[in-house]
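Peer 1: Sequence:
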Amino acid sequence: MLRRHFLSALTATLAGLAMPGFQARAQSERPILFGTTPVFLDDQILFLNKWQHYLEVRLNRPVVFVQRETYTEITDLVIKGKLDFAWICGYPYTRFKPYMKLVAVPIFQGKPLYRAYVIVPQTDAVTHSLMDLKDKIYAFSDPLSNSGWLVAQAEIKRNGYVPANFFRKSFFTLAHRKVVEAVAIKLAQGGSVDGYVWETLNVTHPDLTARTRIVEKSAEYGFPPIVAYKNVDPSEYSAVQEILIGMKEDPAGRALLKQLNLDGFEQGNDHIFDDIKRNMQFVGVD
Numbered sequence: 105m106l107r108r109h110f111l112s113a114l115t116a117t118l119a120g121l122a123m124p125g126f127q128a129r130a131q132s133e134r135p136i137l138f139g140t141t142p143v144f145l146d147d148q149i150l151f152l153n154k155w156q157h158y159l160e161v162r163l164n165r166p167v168v169f170v171q172r173e174t175y176t177e178i179t180d181l182v183i184k185g186k187l188d189f190a191w192i193c194g195y196p197y198t199r200f201k202p203y204m205k206l207v208a209v210p211i212f213q214g215k216p217l218y219r220a221y222v223i224v225p226q227t228d229a230v231t232h233s234l235m236d237l238k239d240k241i242y243a244f245s246d247p248l249s250n251s252g253w254l255v256a257q258a259e260i261k262r263n264g265y266v267p268a269n270f271f272r273k274s275f276f277t278l279a280h281r282k283v284v285e286a287v288a289i290k291l292a293q294g295g296s297v298d299g300y301v302w303e304t305l306n307v308t309h310p311d312l313t314a315r316t317r318i319v320e321k322s323a324e325y326g327f328p329p330i331v332a333y334k335n336v337d338p339s340e341y342s343a344v345q346e347i348l349i350g351m352k353e354d355p356a357g358r359a360l361l362k363q364l365n366l367d368g369f370e371q372g373n374d375h376i377f378d379d380i381k382r383n384m385q386f387v388g389v390d
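Going by this note's numbering, the final residue of the sequence shown carries number 390, and the count climbs one at a time with no gaps.
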């Protein structure tokens with residue numbers, strides 16, 4: 105008798121777990137995982153807390169920002185489905201596109217585009233281009249960064265040099281802001297940096313950028329996008345995309361965008377990353 109009651113209760117419980125209503129509640133209670141690498145803001149924790157609240161209110165779901173030091177770490181988590189969304193560079197997006205879906209692209213100075221800068225210490229009056237930095241000490245941001253690595257590799261190769269042998273020494277700072285800092289204090293004689301980051305620091309920390317000088321600006325490339333895991337829930341994908349694109353339409357969203365020095369987000373398309381793909385192929389990246 106007891107066994108029969110127990111089995112009946114167990115069957116009822118399992119049936120309840122399988123009901124659409126229960127599954128919907130479980131799904132709604134699961135946090136959305138959003139990956140980022142270090143941003144250039146002084147108080148990135150405060151900013152991410154504000155952005156987290158903004159997203160949670162509009163999604164009616166908990167949101168957790170997952171921070172890692174490198175694009176490689178964040179990209180790996182997206183590929184493995186351990187993140188739902190992530191803000192990464194156009195280079196890893198292009199390289200690992202089969203594992204991701206484009207969600208939104210930031211708008212900077214009216215366009216979903218940006219440039220790579222080559223910078224040197226402000227006291228260096230003789231360097232005028234990347235080619236002048238042969239046999240010097242050079243700072244890159246990240247091995248999966250377009251502006252902080254790939255663009256320079258392609259230019260060096262186009263000029264007939266072997267990228268691996270071009271500099272006397274090179275190193276990765278793992279953040280664009282740290283490239284600017286390394287060049288400013290002359291730890292490096294030159295560096296590759298995201299032009300958007302340099303321009304934003306030029307507004308927020310002109311004392312830092314004043315100690316550097318831009319010697320070269322690249323062509324425009326697709327701005328680092330927000331992507332989703334390829335198998336992300338379609339309703340989550342649509343909701344997050346709609347909220348990001350709508351940020352420029354409400355005061356709270358505009359305040360967050362102002363902190364990022366962005367005009368907004370747009371849906372974007374893959375064609376803006378075509379030049380990154382061409383550079384990858386030219387350099388010989390798989």
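Hint data in this document are derived by calculation from the structure and do not stem from the laboratory.
For every residue, glycine included, the Cβ atom is placed at its ideal position computed from N, Cα and C.
Treat the hints with caution; some may be incorrect.
Lysine-lysine pairs mimicking DSBU-like chemistry, simulated, CA-CA at most 35 Å apart [to be verified]:
| # | residue 1 | residue 2 |
| --- | --- | --- |
| 1 | K352 | K215 |
| 2 | K238 | K205 |
| 3 | K238 | K215 |
| 4 | K205 | K290 |
| 5 | K184 | K154 |
| 6 | K201 | K184 |
| 7 | K240 | K186 |
| 8 | K205 | K240 |
What follows is a list of derived Cβ distance ranges for each label pair [what the hints assert, rightly or not]:
| # | residue 1 | residue 2 | range |
| --- | --- | --- | --- |
| 9 | K352 | N269 | 25 to 31 Å |
| 10 | L163 | I318 | 17 to 23 Å |
| 11 | K362 | K273 | 36 to 42 Å |
| 12 | S339 | N269 | 28 to 34 Å |
| 13 | P310 | N335 | 17 to 23 Å |
Peer 1: All the hints need checking, so say for each whether the structure fits it.
Peer 2: Hints, verified against the model:
With a C-alpha separation of about 14 Å, the suggested pair K352 and K215 falls inside the 35 Å cut-off, and the hint holds. For the suggested pair K238 and K205, the alpha carbons sit about 38 Å apart, so the restraint of at most 35 Å is broken. At most 35 Å may separate the alpha-carbon atoms for a hinted pair to count; K238 and K215 meet this at roughly 33 Å. Note on K205 and K290: the hinted pairing is violated, with a Cα-Cα distance of about 40 Å set against a maximum of 35 Å.
Among the hinted pairs, K184 with K154 is consistent with the structure: their alpha-carbon atoms are about 28 Å apart, no more than 35 Å. The suggested pairing of K201 with K184 holds, with an alpha-carbon distance near 13 Å, which does not exceed 35 Å. With a C-alpha separation of about 40 Å, the suggested pair K240 and K186 falls outside the 35 Å cut-off, and the hint is violated. Restraint check: the Cα-Cα separation between K205 and K240 comes to about 39 Å, which exceeds 35 Å; the hinted pair is violated.
Take K352 and N269: their Cβ atoms lie about 46 Å apart, and the range 25 to 31 Å is violated. Between L163 and I318 the Cβ separation comes to about 40 Å, which falls outside the hinted range of 17 to 23 Å. Hint check: K362 to K273, Cβ distance near 39 Å, so the stated range 36 to 42 Å holds. In this structure the hint that S339 and N269 lie 28 to 34 Å apart at CB is violated, the actual value being about 51 Å.
Distance hint check for P310 and N335: the Cβ-Cβ separation is about 45 Å, which falls outside the suggested range of 17 to 23 Å.
Violated hints, in rising order: 2, 4, 7, 8, 9, 10, 12, 13; the structure is consistent with all others.
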